[in-house]
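Start counting the sequence shown at 89; every next residue gets the next number (this note's numbering).
Hints in this document: simulated from the structure, not taken from any laboratory. No experiment lies behind these values; they were computed from the predicted model shown. One should not assume that every hint holds.
[Unchecked claim] Using C-beta positions, here's what the derived DEER-type ranges look like: (1) Ala92 <-> Asn115: 19 to 25 Å; (2) Glu91 <-> Gly137: 15 to 21 Å; (3) Ala92 <-> Pro132: 26 to 32 Å; (4) Glu91 <-> Pro132: 29 to 35 Å.
Even for Gly, the Cβ is constructed at its ideal location relative to N, Cα and C.
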Amino acid sequence: MPEAPITTTGTLHDAMHGRAWEAELPNGKRLVAHLPRRLQDLAPSLLPGTRVLLEMTPYDFDKARIAGLADHA
Numbered sequence: 089m090p091e092a093p094i095t096t097t098g099t100l101h102d103a104m105h106g107r108a109w110e111a112e113l114p115n116g117k118r119l120v121a122h123l124p125r126r127l128q129d130l131a132p133s134l135l136p137g138t139r140v141l142l143e144m145t146p147y148d149f150d151k152a153r154i155a156g157l158a159d160h161a
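With the hints as constraints, model all of the structure from the sequences given.
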């Protein structure tokens, strides 16, 4: 049975290749966050400084999935 994702907020910093961003968690840890294809329409609103909702697996805290905008949750 898969583990439930860990949900948190983060701030986008630098755009990387494709749909990937460098994001920072509230505790200061930086990670790579990617935008899934189903949320591709959100891409134009993602800019450095944007607060987003992030989902992470409990097994890897260096990567996350962007789940939406934090201010619209």
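Query raised in the report: Do Ala92 and Asn115 keep their Cβ atoms within the hinted range of 19 to 25 Å?
Result: holds, 20 Å
Query raised in the report: Is the distance from the Cβ of Glu91 to the Cβ of Gly137 consistent with 15 to 21 Å?
Result: violated, 31 Å
Report task. Note whether the CB distance of Glu91 and Pro132 lies within 29 to 35 Å or breaks it. Result -> holds, 32 Å
Requested in this report: Determine whether the Cβ-Cβ distance between Ala92 and Pro132 falls within the hinted range of 26 to 32 Å.
Outcome: Given range 26 to 32 Å: holds, Cβ gap about 30 Å.
In the structure shown, a violation is registered for the earlier hint numbered 2 alone.
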